[in-house]
Amino acid sequence: MSIKKLIQMIFNKTTPNSKPHPTPEQTPYAMMGGEETVRRLANRFYDIMESAPKAAQLYAIHPLPLDTIRQKFFQFLSGWLGGPPLFEQQYGHPRLRARHLPFPVDEKLRDQWMFCMDKALDEVVENKLLRDGIRQSIGQLASHMINC
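Numbering (my numbering), first residue to last: 1 to 148.
Heads up, some of the hints might be wrong.
What the hints assert, rightly or not - Straight-line distance between alpha carbons at most 27 Å, and here's what the computed DSS-like set of lysine-lysine pairs gives:
| # | residue 1 | residue 2 |
| --- | --- | --- |
| 1 | Lys72 | Lys54 |
| 2 | Lys119 | Lys108 |
| 3 | Lys72 | Lys128 |
| 4 | Lys54 | Lys108 |
| 5 | Lys54 | Lys128 |
| 6 | Lys54 | Lys119 |
| 7 | Lys119 | Lys72 |
| 8 | Lys72 | Lys108 |
Unchecked claim - Using C-beta positions, here's what the derived DEER-type ranges look like:
| # | residue 1 | residue 2 | range |
| --- | --- | --- | --- |
| 9 | Pro53 | Pro85 | 31 to 41 Å |
| 10 | Asn127 | Cys148 | 28 to 38 Å |
| 11 | Glu36 | Thr68 | 16 to 26 Å |
| 12 | Ser143 | Lys54 | 14 to 24 Å |
| 13 | Asn147 | Phe115 | 11 to 21 Å |
Calculated directly from the structure, the hints in this document are not laboratory data. As the structure is a prediction and not an experimental result, all values here were calculated from the model. Note that CB positions come from ideal geometry on N, CA and C, so glycine has one too.
From just these sequences and the hints, can you work out the full model?
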């Protein structure tokens with residue numbers, strides 16, 4: 001199942017064989033508060049990664065300072081959550097797996113990444129259904145990055 005279909009199911013409360021409820025379509029980006037909240041999520045993710053001993057190995061593979069990667073992550077999340085496709089406009093298709101292939105990503109790194117994202121989501125996204133849907137979808141994406 002695609003991430004888009006999963007998000008659609010979660011936010012429209014559908015099952016794989018049902019039709020969406022006839023409600024106005026609202027993206028996760030809009031539901032969580034738009035640009036300001038998505039930027040806060042991206043920044044909080046990196047704040048946690050910088051300070052949590054549990055994410056030390058993940059932090060160690062990131063180029064410093066983190067300013068550029070914070071901005072790129074915000075741009076990616078903006079489009080991924082249904083907002084403006086800022087990353088694509090500036091860099092082209094994300095091709096996430098290909099972009100991560102130069103780095104050995106194993107389950108341990110994925111778990112550290114999800115630790116940071118889980119904490120950031122808990123702190124930034126107020127709506128539990130939305131937070132859980134994003135967590136599930138981004139968890140699948142994080143697992144897809146495993147390359148060793």
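Are there hints from earlier that the structure breaks, and if so, what are their numbers? Those not satisfied: there are none.
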